[in-house]
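Since the structure of chain B is already known, use the hints to place chain Y on it.
Here the protein sequences line up with chains B and Y, keeping their order. Start counting the first sequence at 9; every next residue gets the next number (our numbering). Start counting the second sequence at 23; every next residue gets the next number (our numbering).
Simulated from the structure, these hints should not be mistaken for lab results. No residue lacks a Cβ here, since even glycine has one placed at the ideal position from N, Cα and C. Each hint should be verified, as a subset may be incorrect.
Said to hold, decoys possible - Derived coverage of chain B by chain Y (criterion: at least 3 residues anywhere in the stretch with Cβ under 8 Å from a Cβ of chain Y; other residues may be distant):
1) 72 to 78
2) 82 to 96
Claimed, not checked - To list a few chain Y residues with every Cβ distance to chain B over 12 Å, as calculated:
3) I28
4) L30
5) G172
6) A177
7) T180
8) A191
9) G194
10) L205
11) A219
12) A223
13) N287
14) R315
15) V328
16) A330
17) R451
18) M453
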Amino acid sequence: MSSDLVFGLYVFALATFVGYQVISRVPALLHTPLMSGTNAISGISLVGSLVAAGSQHGLLANVLGCIAVAAATINVVGGFMITDRMLRMFNARRPAAAAAQAPAHGSGANGTNGARTKSANGVDGTPGERRA
Amino acid sequence: MRDSLIDLAYLVASVLFILCLRGLSSPEKGKRGIFLGELGMLVAVVATLFKTEVVRYDFIVAGLLIGATIGVAISARLPMTKMPERIAFSHAFGGLATALVGIAEHVRVHEEMAHGAEPSRLVTGALGFEVFLGSLTFTGSIMAFGKLQGIVPGAPVTYKGQNVMNIGAFFGALGLLAWQIALPHEAPEWAFYTMTATGLALGVLAVLPIGGADMPVVISLLNSYAGLAACATGFALGSNILIISGALDGSSGFLLSILMSKAMNRSFTNVLFGAFGTGDSAGASATGKAPIRSYNEATIEDASAVLAAAQSVIVVPGYGMAVSQAQHAVRDLATVLEKRGCEVKYAIHPVAGRMPGHMNVLLAEANVPYDALYDLDMINDDFAHTDAVLVVGANDVVNPAAKNDTSSPIYGMPVFDVEASRSVIVLKRSMNSGFSGVDNELFYRPNTMMVLGDAKKSLIGLCSAMKDAH
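Here chain B stands alone, though its shape is the one from the complex (with noise of 0.2 Å):
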């Protein structure tokens, strides 16, 4: 057994144990930006494509790592995006998380009840950071 080998799996063993308190906090209406989310912050194996992309040992090394970084970017760069445009679309009913969304889809949604109107039209200066 190497300490490399026991170092590492201390902190994989903290690490899942954190992961796993905080991800249980996360509610079920939220497990799809959870799951891009954790797909973006995976795509920190950059750091490994970075380095074989960048290294000296041979065009090989540096033609898989320059197709990983491709990979592992899609999925920051989208991933990030992606979360961001769905968390963007979960508002409440309360006036007071009202976010200033685009217009309602659909044909039929224009007018609707009080506190949904306000809501749809967005109240600024609100205290939630909500602001689109």
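Just chain Y, lined up with the frame of chain B:
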């Protein structure tokens, strides 16, 4: 000094990633969380570029540009109905990236070995896991993507000896890896590449027998494999940030797969090896033998009369809503109902749709406020005092057989008690049994009205009928 600074930057990035996931505990905090995650990624990437091993930047810049362009192109305008496909696709890229890094690293280690360097067993083992899991995730996710897109038949593909073969291939690959670890000098190169090929093949073979309705579990599981592969990369490269991020991703995927399996009352093994939901063996024989049963087929006008009289309505969306892209029509109808003073809630089953949280995202896209969306446990007691339930393209999650028919393949799965409400309106394409091939008792109940046809068209029809009634 430089190395310590880089490590410190990685530590900062790791903390930012954890804070990013912590932010997802509520929609309000989520956006800030994502910003922290982006910041963490930036810190990590910039720090990596300062590493002494990085000597040339042409391939890096090319890769970053290609990746960023494709990433933006895919994500900027992607419709939310395509989210399961997009998630499966990104798992494929994640798997590909880790597998390729592993192969590149293997080539390097092999070269050094040829020059007389003593290989580390830890690195060999970690690289093996990384490449094997990465390639398995790559092809498995492409298969899942194909099934979601309908390129590959969504129904399970089974044949004799399938499980034996898959398990055999799995242990064969592990054997090849053990050989490389135990005898690094004697084990030939083909052991590594055969193991990689087995991983690629196993990804395809393992997803083939899994039906479309089980996709939430498969996608979560692939998520966790992608995380574990990243972890293995961390062990191989001695990089803590990779171990931490991989562990976060892995535990997230694992937790989600457990939640999804629980929501179907099935074990992991059952999902992976059960090939449930064939739709042609068990399902067809059950429906084939059963006599043709009568059901109340209702017109749009009948259904709108029921809705017009209702004081409270619960909408139960399912995969059918995603297929016919009916989320905006649902919202429009709810708006009409609410204007009449009717209370509208949405009941969201954990496995409704093709991935965890699928329905929530679709309804959020249609501007449904998230505090009107209710989980299974939160809403199940409300059905008994609800005037009308509107089932939009959901089937198994409202099947009473899960509660009272021990012979049903979905027996024991927690479902909505929709039949307890005064009347149930089911919007369904046809009377064919659903994806799982299980007949649904609900459709033949006296208080159930079946409105057959495309869900979106029916909803638009209901909407205008309600407006005319006014």
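A quick look at each hint next to the structure:
no., hint, in the structure
1, 72 to 78, "holds (count 7)"
2, 82 to 96, "holds (count 15)"
3, I28, "violated (10 Å)"
4, L30, "holds (14 Å)"
5, G172, "holds (20 Å)"
6, A177, "holds (24 Å)"
7, T180, "holds (28 Å)"
8, A191, "holds (25 Å)"
9, G194, "holds (25 Å)"
10, L205, "holds (18 Å)"
11, A219, "holds (16 Å)"
12, A223, "holds (20 Å)"
13, N287, "holds (17 Å)"
14, R315, "holds (34 Å)"
15, V328, "holds (19 Å)"
16, A330, "holds (15 Å)"
17, R451, "holds (21 Å)"
18, M453, "holds (28 Å)"
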